[in-house]
Amino acid sequence: MNYLVKLAGATALAALAATALSAQTVRMGTEGAYPPYNFINDDGEVDGFERELGDELCARAALDCTWVTNDWDSIIPNLVSGNYDTIIAGMSITSERDEVIDFTAEYFPPDPSAYVGLAGGSVDTMGGVIAAQTATIQAAYVASSGATLVEFATPEETVAAVRSGEADAVLADYAYLQPLVEASGGELAVVGDRVSIGGGVGMGVRESDGELKGKMDAAIASMKADGSLSAMIAKWFDGRVVEY
Amino acid sequence: MSCADTFFGYALRSIGMGERLLPKTDFTLCEHFILIGSGLVWNLYFAFFALTLGFCLAIGIAVARASPNPLLRWPSRVFIFVVRGSPLFIQFFIAYETFVLIPKLGVDINLGFIEITAETRWLTKAWLGALIVLMLNTSAYSAQIFHGALLSVPKGDIEAAQAIGMPAGKRFRRIVFPSMLRLAWASYTNEAIFLFHATALVFFSSFPAWQQKGDALYYASYFADKTFNPFVPYPIIGLYFIIFTVILISIFGLINRRLNRHLTLSR
Amino acid sequence: MFEFCADPSLLEGTDWWMCYLSNGKHMGFYRSFGVVMMLLLVTVPFIMALGFGGALARRSSLPPVRWLGLAYTSMVRGVPDIIFFLFALIAVDQGIEYLRHLYFCPDWTEPIRQGNDFVVCARAKMPLSDADAWVHKTYSFFQAVLAFAVVFGAFAANTLFGAMNAVPRGQLETGDAFGMTPRQVFRRILLPQMWVYALPGLSNLWMIFIKATPLLFLLGIQDIVYWARELGGTKTALFAYPHPDWRLGYFLFLLVFYLFLTWVSERVFDRLQRRVSRGQPTVGGTV
Chain A
1 MNYLVKLAGA TALAALAATA LSAQTVRMGT EGAYPPYNFI NDDGEVDGFE
51 RELGDELCAR AALDCTWVTN DWDSIIPNLV SGNYDTIIAG MSITSERDEV
101 IDFTAEYFPP DPSAYVGLAG GSVDTMGGVI AAQTATIQAA YVASSGATLV
151 EFATPEETVA AVRSGEADAV LADYAYLQPL VEASGGELAV VGDRVSIGGG
201 VGMGVRESDG ELKGKMDAAI ASMKADGSLS AMIAKWFDGR VVEY
Chain B
1 MSCADTFFGY ALRSIGMGER LLPKTDFTLC EHFILIGSGL VWNLYFAFFA
51 LTLGFCLAIG IAVARASPNP LLRWPSRVFI FVVRGSPLFI QFFIAYETFV
101 LIPKLGVDIN LGFIEITAET RWLTKAWLGA LIVLMLNTSA YSAQIFHGAL
151 LSVPKGDIEA AQAIGMPAGK RFRRIVFPSM LRLAWASYTN EAIFLFHATA
201 LVFFSSFPAW QQKGDALYYA SYFADKTFNP FVPYPIIGLY FIIFTVILIS
251 IFGLINRRLN RHLTLSR
Chain C
1 MFEFCADPSL LEGTDWWMCY LSNGKHMGFY RSFGVVMMLL LVTVPFIMAL
51 GFGGALARRS SLPPVRWLGL AYTSMVRGVP DIIFFLFALI AVDQGIEYLR
101 HLYFCPDWTE PIRQGNDFVV CARAKMPLSD ADAWVHKTYS FFQAVLAFAV
151 VFGAFAANTL FGAMNAVPRG QLETGDAFGM TPRQVFRRIL LPQMWVYALP
201 GLSNLWMIFI KATPLLFLLG IQDIVYWARE LGGTKTALFA YPHPDWRLGY
251 FLFLLVFYLF LTWVSERVFD RLQRRVSRGQ PTVGGTV
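Chains as they are written, first to last, in the numbering used here: chain A, 1 to 244; chain B, 1 to 267; chain C, 1 to 287.
Treat each hint with caution, since some may be false.
Claimed, not checked - Each computed PhoX-like pair below joins lysine-lysine, with the alpha-carbon atoms no more than 25 Å apart: (1) B/Lys155 to B/Lys170; (2) A/Lys235 to C/Lys125; (3) C/Lys137 to C/Lys125; (4) C/Lys25 to C/Lys235; (5) C/Lys137 to A/Lys235; (6) A/Lys224 to A/Lys235.
By construction, these hints were calculated from the structure, which means they are not laboratory data.
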């Protein structure tokens, strides 16, 4: 008798899930404040490497996707709560995040973090005043090294702190800092060594959403296989060559 | 770490005493309560000093606002208008950007028994810069409340004081000021509560946290980010704030009873 | 918006400024001012309703009602609004979806809470996943209205309670002496005279409410502070209109907006205070 009940339950569930997914739009959650991964362009729309990647993945997985922005601090609780279905926001795959949500295969290799300070000075990256954004892996890294950590709410403020002299250097993702260093016209420069913190970048999905994860994994794999992912990375990240 | 060890390690972490690193994994409820509680030290510090200093400043500004002398009236009106008219978030931002631009100097102050060097770089630190902003903010709101109460003082009381020949200073001290305080107290209690709650915004906006020393909301956000579960740390900080707000309301209620002791309660 | 804005890299001077200030992102910025104004106006009736409810409850002769009023004003006034917004809304959101789930999907066998996830059937989602963006925006808007109304209603209740107590006893006793019922005394004597004592506190509350709107971004609403931060940040060549750190400029613009709003509010409240002080034997009155 027991197996009949389970079978009935499973078919009902499958039917419900099938109708649910076919009627549902997949809502892609992103932050919109972290160029070149994701940002809001001058027309007011979500743009960036992940926008192009997400649209392409949805096309390959035959899903109907809409884009939603959410601020960084509540991005995981809102995914878990069901306000959207994926997180595609330059999120590194870390073991503590993996305990709460599931990640697809990585679509961007681990990005080293770099120290950036004012050009011309010498910076003690292990003992000086280093700025980082609150609650990032870089902030945790600086805290455990011997340096004095200063945490700001937004990445913009961390760089402004270096410019104003409040901090000796800022530690953040190299992909984010490099365009700023270039645009600063010689004012800012990379100092010290690069450090590798955190894993590659993957898409976050709810742990209960195995079907969506499978579809996205397949789409990512197909993009890796035909080289379109490497081409997209080179386009958005200043010609960076990544072999997949 | 047992709960007692956690207490000794983290109870004063928000001012830099205790463990250097914050817990990273396997968060216990004990760690939640103690670390968030330690952050409250900042909130209470800001609330106490901003309220007391702001109260004194507010009375001066309220009297200036009601003064017939335009040299006193207009600056106080402009001050109240600008500070009441802008959100605290924006005030913190503009203040921080301004303080950052001040050249880094040291001023030697001789207090007689000790000589200290007051540095301008202290202004960009939360303990001084944010305190100044909060003090000015509460003084503007309180001055408006006190001014409104000044205008609601029963005219008969003042006329009676004039009739028995009380000089102006004594009249203010014994008649106008107590009545003003009595009439303003309910709204001033509200303002005090708002100020206490606004102290949670300090590390949420422009002022940075140094070496992970922050207020209660900073630590609550830390836990919420690490455990990805907002339903534990935020209710804890909410509980702490409720407890201290009730204490604040009780203290203000006692003062209210003292101010109204000569009146029968209307029903 | 203008034809010559098609290629921003060719623009200079005033042309660049005209195109920059009218690009899509800035349109979102200007629209957000409308959203903030609408939020302020829509929430006021709810705040006053909850305020009167709380004040009358505290004056009630029935102890349970009195305790309810006291609990509302103390508890809600006890928690800072940002903290309230940070978790209470997810809780209310999940609560609503749970109730809809019970109604629409009675045959659902899977547990609602799977590990960390909160999973309900697709029909129960509020709003529905395939609903248009405006439905989601309107829902967030009303969440914000509810959140602000609950928080500020508690403060309004406290002010109104204090104002009701501040009306001189002699006035109420005179009404009694004339043979008016308690309801008549309340409606004809207490309520009109209460306003002169309530207005300073309520005007203060309105000012605080205006200044609390920057917290809207916590509720996922793109309010004016969100756009100011977004637009002001350094923009590299990745954007059509690159520029350095202009946050101070944008925030000064917001400052001017809020000062203007405050100036208008102050004139309105001054008028109201003068009107309500007519015949009152107070320093500000006309007797």
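Now the hints, each set against the structure:
1. B/Lys155 to B/Lys170: Holds, because 16 Å separates the two Cα atoms, which is no more than 25 Å.
2. A/Lys235 to C/Lys125: violated, 38 Å
3. C/Lys137 to C/Lys125: holds, 15 Å
4. C/Lys25 to C/Lys235: The hint holds at about 13 Å.
5. C/Lys137 to A/Lys235: Roughly 33 Å separates the two Cα atoms, so the pair is violated.
6. A/Lys224 to A/Lys235: Distance of about 15 Å is within 25 Å: holds.
In terms of the numbered hints stated before, the structure departs from hints 2, 5, listed from lowest to highest.
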